[in-house]
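Q: Given chain A, work out where chain B with the ligand should sit, using these hints.
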Amino acid sequence: MDIFDFSEGREGYYGEYGGVFLPEILHATIEELLECFRECKADPKFWQEYVSLLQNYSGRPTPITHLENLSRKLGGAQIYVKRDDLNHTGSHKINNVMGQGLLCQRLGKSKVIAETGAGQHGFATATMAAKFGFECKIYMGAVDVARQRPNVFWMENLGAEVIAVEDGQKTLKDAVNECMRDWVTNMADTHYILGTACGPHPFPEMVSWFQSIIGLEAREQMLKQAGRLPDRVYACVGGGSNAMGIFQGFMNDDNVELIGSEGGGHGVGSYMHSSRLAYDDASVGVAQGYKTYFLQNDEGNMNETHSVAAGLDYIGVNPIFAHLHDQGKVRFEAATDIEVKEALKLTMRTEGLIPALESTHAFVTAIKEAPTMGKDQIILINQSGRGDKDIFTIADALDDAKWKSFIGGKADQYRGENN
Amino acid sequence: MGLQSFIAERKQSKDILVMAHVVCGYPSFEENLQELEIMAEAGVDLVELQFPFSEPSADGPLFVRANEQSLKSGTTVDQCFEFMKLVSARFPFKVLMMGYYNTAFKMGEAAFVKRVKDAGGVGYILPDLPIEESPELHRLSEEAGIEPIILMTPTTSDKRLAKLGAVSRGLVYVVARKGVTGSKTKMGDDVLALVERCRQHTDVPMGVGFGISSKADIDVLRGHADIAIVGTAALKIWEEGGASGLRNFFAELMA
Ligand SMILES: Cc1ncc(COP(=O)(O)O)c(C=O)c1O
Chain A
1 MDIFDFSEGR
11 EGYYGEYGGV
21 FLPEILHATI
31 EELLECFREC
41 KADPKFWQEY
51 VSLLQNYSGR
61 PTPITHLENL
71 SRKLGGAQIY
81 VKRDDLNHTG
91 SHKINNVMGQ
101 GLLCQRLGKS
111 KVIAETGAGQ
121 HGFATATMAA
131 KFGFECKIYM
141 GAVDVARQRP
151 NVFWMENLGA
161 EVIAVEDGQK
171 TLKDAVNECM
181 RDWVTNMADT
191 HYILGTACGP
201 HPFPEMVSWF
211 QSIIGLEARE
221 QMLKQAGRLP
231 DRVYACVGGG
241 SNAMGIFQGF
251 MNDDNVELIG
261 SEGGGHGVGS
271 YMHSSRLAYD
281 DASVGVAQGY
291 KTYFLQNDEG
301 NMNETHSVAA
311 GLDYIGVNPI
321 FAHLHDQGKV
331 RFEAATDIEV
341 KEALKLTMRT
351 EGLIPALEST
361 HAFVTAIKEA
371 PTMGKDQIIL
381 INQSGRGDKD
391 IFTIADALDD
401 AKWKSFIGGK
411 ADQYRGENN
Chain B
1 MGLQSFIAER
11 KQSKDILVMA
21 HVVCGYPSFE
31 ENLQELEIMA
41 EAGVDLVELQ
51 FPFSEPSADG
61 PLFVRANEQS
71 LKSGTTVDQC
81 FEFMKLVSAR
91 FPFKVLMMGY
101 YNTAFKMGEA
111 AFVKRVKDAG
121 GVGYILPDLP
131 IEESPELHRL
141 SEEAGIEPII
151 LMTPTTSDKR
161 LAKLGAVSRG
171 LVYVVARKGV
181 TGSKTKMGDD
191 VLALVERCRQ
201 HTDVPMGVGF
211 GISSKADIDV
221 LRGHADIAIV
231 GTAALKIWEE
241 GGASGLRNFF
251 AELMA
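Protein sequences, first through last, are from chains A and B.
Residue numbering for the first sequence is 1 to 419, as defined by the UniProt record's numbering.
Residue numbering for the second sequence is 1 to 255, as defined by the UniProt record's numbering.
Only chain A is shown next, with the shape it has when bound in the complex (with noise of 0.2 Å):
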């Protein structure tokens, strides 16, 4: 099955969820992206390029790695990750970031702009764009550059300008909004690198082309180190890039089951959550170029949405996402903020590892799942990204009485310096 196989009449279609809304002053820059990606596509030099690019710079493929303690604890099927958290700059958006540069050097754009909820996509773009000489513009969330300092640091330290959007909820949606706004005016020298798979086609098909790498590289190492295809593959899905990334390598294998974990925030019923799929509070509509579920009300004005992972704080799901879970193809579920932290500190003490906040739903779900399966069971989990960006928020959630002292003498250092 390919999805991105178009019916007549249907490019950037999947089922009944996709295509470009947009106002008619971007169509010829729609256009001439389209045309673009399609010779990109087409062009396997340019997939070689990309490979050998994220090999020397970002350090592809990233490896695999069996959770032997996790497994053993949990006492269900054996647990692997794909270990994208170890890409340069620590998270899987730097392979869409580094192909759209690609991309943007054959359009002959000198500017990129980018919308970030967590920051991750935001610091891999300042990255890229110091890296190919491109003048950056990152627009990010009032909200979301306050529990993200990290990331805003590394990126203005990049030298991109990090503009805090003050609109709506001050989150990743706002940011989206920002930069419609901005590609509208400037698109002659502009390519707007969005970065997740929705917005409007070709965005969701070139996001998902890009992330495809993750997926083509896991199904041959589980294969080769495993010895065989996990019976179940987990992603975190904001946007769904991640996901789309890993779950393509797996797509046509019947007996994998692809299952999406979405940011539960406070749980169902709550109305503070991001959860498109997993809970029924979504329906479909059209916003932010593209038809989907958003977490919309009756009126089509969007609801607030929440989680602890800001990468995940998002009102809709990429349109793929919404065909292949109607048709039974990716089961949703959700994660609770309170399951994430619980997780995250398992995943730290028995295996030392720190997923990001985001990726960290992904391993609630399996974690929960895996003691319900047998012990010759294999299930993969794609750490999409790494979680020292998040020793803000973590240290807050575990209420570290020795990092707020060290922060506490921190601000009373500046302070004094100020004075």
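The hints are simulated quantities; they were obtained by calculation from the structure and are not laboratory data.
One should not assume that every hint holds.
Result set (BS3-like, lysine-lysine): computed pairs, CA atoms no more than 27 Å apart in a straight line [stated by the list, open to error]: (1) K215/B / K178/B; (2) K375/A / K224/A; (3) K215/B / K109/A; (4) K159/B / K109/A; (5) K111/A / K178/B.
A: Just chain B with the ligand now, with coordinates in the frame of chain A:
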């Protein structure tokens, strides 16, 4: 009377018409009504009533805030349609719905068309709905006798203008420049050339909008465009100068 014949009739006594804009429920429906009274007195010909949306990605800062504040104060789609009904019955200008596609999509396209029509609207502007996605909505609108307003822009190729021209009805909204609503546009030869280029592809009247804020702007368009569209400038004046400010603004604009 349909939109196009209304425009033709009004143009018999004026060389250029004016279309104004309010965001429903911002600052409040009462203030909207005061603004509209002033616009009607000044002889405004058409008004866009913007239905607030939570993701107004084609709007600039002032309208973004207006959308947000309106929703925050509890504005609903039902209220907007009720307001539209009241306004189109009370004033001599014609009323268009303006908003984002999700508002129409969520209630269903057939219901949307019926509600615009029942509220006395003569058409609608949905800037994030491209023609590829709207054949059914256009068909329903034609049946009901209301007009979907097509946008033509400086980045639109001639080939695409021909496509847009073929489905345009009522009036065409010519977007004077790149960007979002709000910032100023230098009205000059570029804009006039764009209007001329658009005219090659359709016979419907041409409205020009985005950044029009003065009589001088309108003077540039006079004799070239049929309608000058004034959006953000009026809201800004209302916020800064209240009723008397807005009265002076339109008096000068339309002198
Ligand atoms: C480490 C990490 N994982 C996952 C995500 C979620 O995005 P996606 O669903 O596109 O993979 C983010 C987003 O910021 C992230 O930083």
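Q: Could you work out which earlier hints the structure fails to respect and list their numbers in ascending sequence?
A: 3
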